[in-house]
Amino acid sequence: MLSIENLRCAYGTAEILRGIDMDVHVGEVVALLGRNGMGKTSLVRSVAGTRPPVVSGGTIRWAGTDTTHAPSHERARLGMGLVPQGRHVFSSLTVHENLTVAARRRQNGWDLDEVYAFFPRLQERSRSRGRNLSGGEQQMLAIGRALMTNPQLLLMDEPSEGLAPAVIAQIRERIQQLKGSDIAVLLVEQNLGLALSVADRVYILGDEGRVAWHGQASELEADDDAQQRLLAV
Amino acid sequence: MTMEFVFFQLLNGLSFAGLLFLVASGFTLIFGLMRVVNLAHGGFYLVGGYIGLTIVLATGNIWLAALGGALAVGVLGVLMETSLLRRVRGQELPEVLLTIGVAFMLGDLTLAFWGGDPRAMPLPDYLSGSVDLGFIGYPRFRVLVTLLAVAVGIALWLLMSKTRVGAIVRAGVDDREMIAALGINIRLVFTGLFFFGALLAGLSGVVGAAFLGLVPGESDIEILLFALVVVILGGLGSLPGAAIGSVIVGLIDAFAKALVPELAFFTLFAPMAIVLVLRPEGLLGRRA
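Chains P and G, in that order, are what the protein sequence lines are. Letter 173 of the first sequence, counting from 1, is numbered 173 in our numbering, and no numbers are missing. Letter 193 of the second sequence, counting from 1, is numbered 193 in our numbering, and no numbers are missing.
Just chain P, with the same shape it has in the complex:
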C-alpha cells in the first residue's frame, strides 16, 4: 500500500503541494485529477523520487518502508514503476532494448513475451529505435517498460496525452486488464472520461496545493458541481 501523509513539496522557494494525504491499495486504480498547474505531476514525481521538486515535509510510505527521501532507483527496486509524462522512452535504444534494459524478473510476473502479448504492436516494432515510434507506440513502450520491472505500484502520468482516440481506447482496455491483479495503479489524467472508466477512487487537487475532493469514481460521475468547480476549464 502507498500511503502519503501531509506531503509538501517545492520547486526552489515555490511550494506547490501543501499537505497531501492519499492512499493507494494493491488491486485498485486511483485517479489523480485536477486542472493544469495544481501539482499532479509534482505529486507523482515526489512519489517516484525524481527531482525536482524537493519534498519539504510529510511522509511517503510504500510497502511498509519510509521512502520519503530514498533515491529513485531504490524506490523502483521496492516495486514502483514509473510511466512518466511525455513517455521518456530511450530514443536511441530499440524497442527490445527499452524493454529489457532495466527489466527485473519475478515469478509468474511480466516478461518479454507477456508484454508483447499485451501490446502486440511493440513486437512488430521490436527492432525500431524509440525515436522512430509514433506517440501511441511510445506510450505502449513506456507502459511495457515499467511492467518489465514487475512493479507492485504503477505510476502513470497522463498516458492519454496527445494520443488519437483509438489508441486511448486501447490504453484504457489495458489499464482495466491491470486492475484486479496484484498491482496498484496511480493514474494522473486530464481526460475525465478515461479516468472515470478505469478508476475505483478519485482524488482531485485544488488550487491550495491540497486535496479538494476525494471519493469513489461513481460519486464523482454523479457530482456535476464538483466536476464544474474543480475540473471544468
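All the given hints hold, so there is nothing to weed out.
In silico SDA-like pairs for lysine to any residue, Cα to Cα no more than 20 Å straight-line: (1) G/Lys-162 - P/Arg-125; (2) G/Lys-162 - P/Thr-94; (3) G/Lys-162 - P/Ser-91.
Facing chain G, a subset of chain P residues (Cβ under 10 Å, in silico): (4) Ser-72; (5) Leu-82; (6) Pro-84; (7) His-88; (8) Ser-91; (9) Thr-149.
Calculated directly from the structure, the hints in this document are not laboratory data. Here a beta-carbon is modelled for each residue, glycine too, at the ideal position from N, C-alpha and C.
We have chain P already, so just place chain G on it with the hints.
Showing chain G alone in chain P's frame:
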C-alpha cells in the same frame, strides 16, 4: 612526392590515429554519459605512462606495465570521481575548473616524482625493429598500436551495442532520470564508466610513452589538445566519431609535419574551426 613518401606518411598518420583513438575513446565515453569534459584526461595519460615506465624499469615486462598503468589510473579516476566530481555534479563551470585543477596537480606531481627530463619507454626486441610491408619497412610497434586501437575500438563497440551494461549506458545518455526511475543506480554507473575511461587513458599513456616519449607538463597538455580536437571533430560523446576524428587528425598531423612543419598547429586547428562553424555538434555528434 614519391609513392613511398605518401605511403610512409599514411602509415605515420594511421598509427598516430591509433594512439589518439585510445586516448579519445575514454574521453568521449565519459563525456557521453556524464557530460563532464574531463580536462585531467591528459594528466591521466601522463601518470599512466610514468607508472608503466617505472614497472618496465623494475620488471622488464611491458605487458605488466600496460596492465599496471591502466589499472592504477582507473583507480585514480574513481578517486577523483567519488571524492571531487560527485560534489559538483551537473554544475558545468565548477566541473571543468575542477578537472583543470586536477590536470595541473597531476602534471606537477609527475614532475616531482619522475623529474623533468624527457623519458622514453624501452621496448623489448620482439616489439621493436621494423616489419617489411612489401616495398617499405615500417616500425613494428607502430603497426601494433594501430592494430591495438582497432581491437579496442571493436571491443568497445561490442560492449556498448551488444551488452546490457552498454544498453544501460546508452539509456543513461538518452535520459538519466528515467533510467534511475527504472531501478538503475546511475551514480554507480557513473563511477564505473569513469573507472573505465580513466583506465583507457592510463593504457594509452603506456602506449604513448613508447610512441612519443614522456615530458612532464608537455605530453599531457599536448595529448589533451589532440584528444579535444579529435572529439570535437568527430562529435563529443560519439565512439564512431572518435574513430573518424582520430584518423582525420592523425593523417593531417602526419602530412602537415612532413610538408609544412611550421604550420603544424594551424593545420590541426583549422579543420576543427571549420567543423565547428559548419556542424557544431561534430561530424557524427548529436544535436544537443
